[in-house]
Amino acid sequence: GQQLNQSPQSMFIQEGEDVSMNCTSSSIFNTWLWYKQDPGEGPVLLIALYKAGELTSNGRLTAQFGITRKDSFLNISASIPSDVGIYFCAAPLGGGSQGNLIFGKGTKLSVKP
Amino acid sequence: DTGVSQDPRHKITKRGQNVTFRCDPISEHNRLYWYRQTLGQGPEFLTYFQNEAQLEKSRLLSDRFSAERPKGSFSTLEIQRTEQGDSAMYLCASRLTGTGGLEQFFGPGTRLTVL
Numbered sequence: 001g002q003q004l005n006q007s008p009q010s011m012f013i014q015e016g017e018d019v020s021m022n023c024t025s026s027s028i029f030n031t032w033l034w035y036k037q038d039p040g041e042g043p044v045l046l047i048a049l050y051k052a053g054e055l056t057s058n059g060r061l062t063a064q065f066g067i068t069r070k071d072s073f074l075n076i077s078a079s080i081p082s083d084v085g086i087y088f089c090a091a092p093l094g095g096g097s098q099g100n101l102i103f104g105k106g107t108k109l110s111v112k113p
Numbered sequence: 001d002t003g004v005s006q007d008p009r010h011k012i013t014k015r016g017q018n019v020t021f022r023c024d025p026i027s028e029h030n031r032l033y034w035y036r037q038t039l040g041q042g043p044e045f046l047t048y049f050q051n052e053a054q055l056e057k058s059r060l061l062s063d064r065f066s067a068e069r070p071k072g073s074f075s076t077l078e079i080q081r082t083e084q085g086d087s088a089m090y091l092c093a094s095r096l097t098g099t100g101g102l103e104q105f106f107g108p109g110t111r112l113t114v115l
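Here the protein sequences come in this chain order: A and B. Everything in the first sequence is counted per the working numbering, starting at 1 for the first residue and increasing by one. Everything in the second sequence is counted per the working numbering, starting at 1 for the first residue and increasing by one.
Bound conformation, chain B alone (with noise of 0.2 Å):
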């Protein structure tokens, strides 16, 4: 059973491009989790979705900000216009409801530098 996967590992773009970042979370796990990470802080909740439906939203997640998760599978996480203030790790998470727990497992994030 493979983890969680996140693609690209690291990003560097420049003030004003788009970027898009991908993620695979382990098979069979119908919710999928995005959070955001800076330095010194603990991951904060972006979005989720369970299955291909996004079901709730943060208000961290700007107009700037979209999510997608077409097929319920893997999901997409874009940035437009992106600010230096974006510079974060961007980590997905995945979990199976139905088990009777909350645990989330996470992807090793994708690190996002706007210069």
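Pulled out of the complex, with its shape left as it was, chain A reads as follows (with noise of 0.2 Å):
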């Protein structure tokens, strides 16, 4: 079945840095969104991507859509402690419009000690 993997599993960030984080399948898709999840809240949309190629842009966080559409990158610059938390991309189950999600495992974002 559908599958979205995502990498890495979980990164530690230290105020300042730069972030990176991405999530492939196997399968094309012609949309890709990123959440982000708080401990114990619902996920928060951030960018939602609907074009091959297509670079957008909220505030500090950058997503690309992949060229395959079979992957999206999702970019954080110059970090702060509220960026951590869990980072979940999905996609259509099916590829189709009626926009019942899948979704990644997540990366998990935590300050360096």
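Mixed in with the good hints there might be a few duds.
As the list claims (entries may be wrong) - A few chain A positions that, by computed beta-carbon distances, are all more than 10 Å from chain B:
| hint | residue |
| --- | --- |
| 1 | Asn22 |
| 2 | Ile28 |
| 3 | Ser57 |
| 4 | Ile102 |
Said to hold, decoys possible - Using C-beta positions, here's what the derived DEER-type ranges look like:
| hint | chain 1 | residue 1 | chain 2 | residue 2 | range |
| --- | --- | --- | --- | --- | --- |
| 5 | A | Arg60 | B | Ser66 | 28 to 36 Å |
| 6 | B | Ser5 | A | Pro39 | 17 to 25 Å |
| 7 | B | Gln50 | A | Asn30 | 17 to 25 Å |
| 8 | A | Met11 | B | Glu52 | 26 to 34 Å |
| 9 | B | Gln17 | A | Pro39 | 40 to 48 Å |
Stated by the list, open to error - Okay, the calculated bits of chain A under chain B, using three or more residues with CB under 8 Å as the criterion:
| hint | stretch |
| --- | --- |
| 10 | 58-68 |
| 11 | 79-93 |
| 12 | 104-111 |
Think of the hints as simulated: they come from the structure by calculation, not from any bench. Predicted, not measured: the structure shown is a model, and the values here were computed from it. All C-beta atoms in this analysis are idealised placements derived from N, C-alpha and C, irrespective of residue type, glycine included.
If you follow the hints, you should be able to join the two separate chains into one complex; please do so.
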């Protein structure tokens, strides 16, 4: 079945560092969504991508829709403590317009001790 | 514009009991989705509604689970004869179709613990 693989699984950040993460699949998608989830809360939508090659920014966050349509990337510039959390990529199940999403397992951002 | 709300936020129950959760979507959003999330995993799709019609159910939604959206506004998810494996975060999301996008907006979730 369809699966989204996120990398890395976890990473430590120091304030001011840039962060990069990615999401890959063997399936082709027409939409990529990136969410952030804080402990005990629901996911919050960060960025939506609809076109291969598209680069979209939301403040310090920039996401790209891969040219092959099988991957997407999220970058965070000049990280701050409130960036800590779990970042999920998501894409529509079956590539359809119903909107049912599949999610990766997430990339967990923590502060460097 | 208020976001998606869910009630209760936390529920602790004993195995074998029935539980019901409520979701109030963003007003005017015609699609409503239920997901389940276990520790260390991303949300997994359970079912969705277009207005009051339930259009799709995942194989994850066993016979003990039932969802309704009687007037096309709020939705309820009931789990009968709960099992310990039902312990999870239950998330609701909504979106408006016809806008050209697939963005879904999630509520804060209901954390279910089955003892």
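Subject >> Unsatisfied constraints (hint numbers, rising) >> reply: Hint check: 4, 5, 8, 9 and 10 fail, others pass.
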